[in-house]
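Asks: Chain by chain, the residues:
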Amino acid sequence: MEQHELEQLEIDLFLEGVYRRYGYDFRNYARASLQRRMRGLMAATGHSSVIEMLPKVFSDRGFLIRVVDALSINVTEMFRDPPFFLALREKVVPYLKTYPFIKVWHAGCASGEEVYSLAILFKEEGIYDRTTFFATDFNAGTLEKAKAGIYPLDTMKKFAGNYLAGGGKAALSDYFHAEYDSVIVDGSLKKNVTFAMHNLATDGVFGEMHLILCRNVLIYFDAQLQCRAAGLFDDSLVHGGILALGSKETLRFTELADYYDMLDEKWRIYRKTGATYLAAHWGAPT
Amino acid sequence: MSPARSMQAVVMGASAGGWAAFSRILTALPADYALPVAIVLHVHPGQGEDFPLHMAPGRRIPVRPAQDKDPFLPGVAHFAPPDYHLLIEWDKTLSLSADPKVCHSRPSIDVLFESAASVYGPGLLGVLLTGASSDGTNGIKRINELGGLTVVQDPDTAEHPTMPRSAVTHASPWRVLGLDAIAQLLLDLAPKPHPVFPDLESGATPPDRSRP
Ligand SMILES: C[S@@+](CC[C@H](N)C(=O)[O-])C[C@H]1O[C@@H](n2cnc3c(N)ncnc32)[C@H](O)[C@@H]1O
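In order, the protein sequences belong to chains A and B. Residue numbers 931 to 1216, in the numbering used here, belong to the letters of the first sequence in order. Residue numbers 1003 to 1214, in the numbering used here, belong to the letters of the second sequence in order.
Excised from the complex, chain A in its bound form (with noise of 0.2 angstroms):
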């Protein structure tokens, strides 16, 4: 056997070892940029080979905080891609506009800055104040992050001008406090926000939603747990509810392509119409 090839088989054995031990399942991550965040890990921890950290991980819950941390990417960022955000001003928030109430799902939210931005957004269209955002990650640390809403004070420059190439109507500072090198979330964008845990490997529904964010998370899927992933957010939309995906992520794996109307094609953002659906099953209306 090939050394690449011995290396892949023993990703293969390490993953099922934590499944089968743990229940976190990351057997179905798409396997390239796995194995190089394992060969990081391998290195920080000083072991010289994959299957040498699996006795580790058997025997040390503290290890396996290490190997979740490690294989969950949580690079984030507020307005990452400000068109984005500007096209859900546009686009998405006239449909959320024509509800009573609204519900958001921020699957994979990282530390916070992508939920706190949607909060700013939805305040300055007026229409916070009816929203319940439902925000989750499987990384329980992280998570904390995000509940804290404590962030740097120097990664705030270019957050500001991701705002306000993506629509912000006042500075993006109104809605901090700052204390000595770090910003504070204010209390008013984080009373509607519920943070919980939720993998989407292997958890399910939790609610109907409107609007579905899910941005940078299933680029590390499989095809396999993409569809799974992907089946999640659609018992949960309404009919017509929206699902907003990261720009690289399509949902062209899926059975869902079909039932689903473009709403912005370069940004990913998706309405659940089922009217394809219907034409298929019931022949279109005449």
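Just so you know, the hints here were simulated from the structure itself, not pulled from any lab data. Check each hint, because a few of them may be wrong.
[Unchecked claim] Taking lysine to aspartate or glutamate and the DMTMM-like style, the derived pairs with C-alpha atoms no more than 20 angstroms apart in a straight line are: (1) A/LYS1077 with A/ASP1111; (2) B/LYS1094 with A/GLU935; (3) A/LYS1196 with B/ASP1085; (4) A/LYS1088 with B/ASP1085; (5) A/LYS1033 with A/GLU1055; (6) A/LYS1053 with A/GLU1007; (7) A/LYS1196 with B/GLU1051; (8) B/LYS1094 with A/GLU932; (9) B/LYS1094 with A/GLU940; (10) B/LYS1103 with A/ASP999; (11) A/LYS1099 with A/ASP1059; (12) B/LYS1103 with A/GLU1007; (13) B/LYS1094 with B/ASP1072; (14) B/LYS1103 with A/ASP1084; (15) A/LYS1099 with A/GLU1055; (16) A/LYS1196 with B/ASP1052; (17) A/LYS986 with A/ASP999; (18) B/LYS1094 with A/ASP942; (19) A/LYS1087 with A/ASP1011; (20) A/LYS1196 with B/ASP1072; (21) A/LYS1021 with A/GLU1195; (22) B/LYS1094 with A/GLU937; (23) B/LYS1103 with A/ASP1011.
[Stated by the list, open to error] Sample of chain A residues at the chain B side, in silico, Cβ under 7 angstroms: (24) GLU932; (25) HIS934; (26) VAL1005.
[Unchecked claim] Restraint-style ranges between C-beta atoms, simulated for each label pair: (27) B/GLU1147 with A/VAL1005: 22 to 30 angstroms; (28) B/LEU1189 with A/LYS1196: 31 to 39 angstroms; (29) B/HIS1056 with A/LEU1094: 27 to 35 angstroms; (30) B/GLU1147 with A/ASP942: 18 to 26 angstroms; (31) B/HIS1046 with A/GLU1195: 17 to 25 angstroms; (32) B/ARG1066 with A/ASP942: 27 to 35 angstroms.
Keep in mind the model is a prediction, meaning the values are calculated, not measured. Ideal placement from N, C-alpha and C gives every residue a C-beta, glycine not left out.
Got chain A sorted already, so can you dock chain B with the ligand onto it with the hints?
Replies: Below, chain B with the ligand without anything else, positioned relative to chain A:
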């Protein structure tokens, strides 16, 4: 006598000066080039992803901005989109990631090279060209380690020598060559439509690397 080793895939990387360098190499490749090619060129993150379509107007090999989960097709040069890493997946499809920058870059050459080395092992050819960074050096090391072949542009011929020099100094590439010789090597190492004897004149017969 073993015939010239035939490779299974090509990965290439460049930074500053890479537009001209890639243009020259792509122009030399035929429309039906037998290997799949993946390319990282450092560009501004705000650059549109269609930028490679404008490269080397007379070229015959088609180029494509890489999309997540697309097949890694022979005869096509797949370019990493701005602000995402490009990787080769174990099942030989393309994979994008928004992981942190590596060597201040996303896309990073190291990320592409290391992932492809893990898939193709001895069947991979890695090519590193001009640039003012140290990205690519670790990638070249990893390809060597897993038995693949590596070629670095001769720093004296590179528009920006820092990146190839870093690899020549720290990663012991198999060959150090000018652009035209690199293009010729890409042709020589691709499987031919008909069986041929190794072209001894080109000096391209790969060494027999020992394996574990
Ligand atoms: C790259 S971040 C994306 C953050 C944010 N949505 C953005 O685009 O800026 C990916 C997030 O997905 C989370 N994640 C990965 N696998 C998950 C899973 N199976 N279930 C829930 N969240 C997951 C990670 O913990 C991480 O916080």
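Asks: So which of the earlier hints does this model not fit?
Replies: Those not satisfied: there are none.
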